[in-house]
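When you get a sec, could you build the whole thing from the sequences and use the hints?
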Amino acid sequence: MAVIAAAMGMGIGHDAPTAHAANAIVTVLAPLDWPVKSTIKRTQGQRQAIVFADPNDGSARAALSQAIEVSARSGAPFTFCFVGPAGADESYFDTPLVGSAFRMGLGVQFDPGGVEAGYFGASTSGVCVAYDARGRLCFYGDLAPSGDGYSKDDGSEAAVKGLSRIRAKSDHLFLCPITGPPLRAAAAAE
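Counting from 1, one number per residue, gives the positions in the sequence shown under my numbering.
No wet-lab data here; the hints were simulated from the structure.
As the structure is a prediction and not an experimental result, all values here were calculated from the model.
Don't take every hint at face value.
To be verified - Restraint-style ranges between C-beta atoms, simulated for each label pair:
#1 75 x 102: 17 to 23 Å
#2 105 x 38: 29 to 35 Å
#3 65 x 87: 28 to 34 Å
By construction, the Cβ of each residue, glycine as well, lies at the ideal position given by its N, Cα and C atoms.
Given below as structure tokens:
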């Protein structure tokens, strides 16, 4: 778990760290370093981002288009990790959202039981974790937050800034509020 508390930046906190992004408080559950146990391939020396989503969450569609934009602007590849209940087979993941991710050329991974989501501290559909070339967390939040006071561009702008930070010179963390539905509840409901 990251140890962070800040206003659109980085500071030090404890155990259940919080960070203030715009007018919201964000609890950062993602690890500061890429999880060693993860089976999601990390390319050394390359910036990368992962969006965790329920394959049946229609609101995660906005994150798809934002991921394409952020990838084009930052040069960082994106993987969509679709989370389902333990034991889910490929038919569970055969949804229009997953098909769109494949057609858009995004990396796609299936996560029955939410093991990968757990490694990265993802508990809501649409949450994005991005890591710099050193494997250090540089963005955490929704790419397309919803609700009063948020623009769909708030998350993508923060993600681009995080993924574009100067290599090895900064540990500045960019944040965006988490507004998606819970992953665990969505997976358990099936």
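Here is how each hint holds up against the structure:
At roughly 21 Å, the beta-carbon separation of residue 75 and residue 102 lies within the given 17 to 23 Å, and the hint holds. Take residue 105 and residue 38: their Cβ atoms lie about 22 Å apart, and the range 29 to 35 Å is violated. In this structure, residue 65 and residue 87 meet the distance hint of 28 to 34 Å, their C-beta atoms being roughly 31 Å apart.
Hint 2 alone, counting from the list given before, is not met by this structure.
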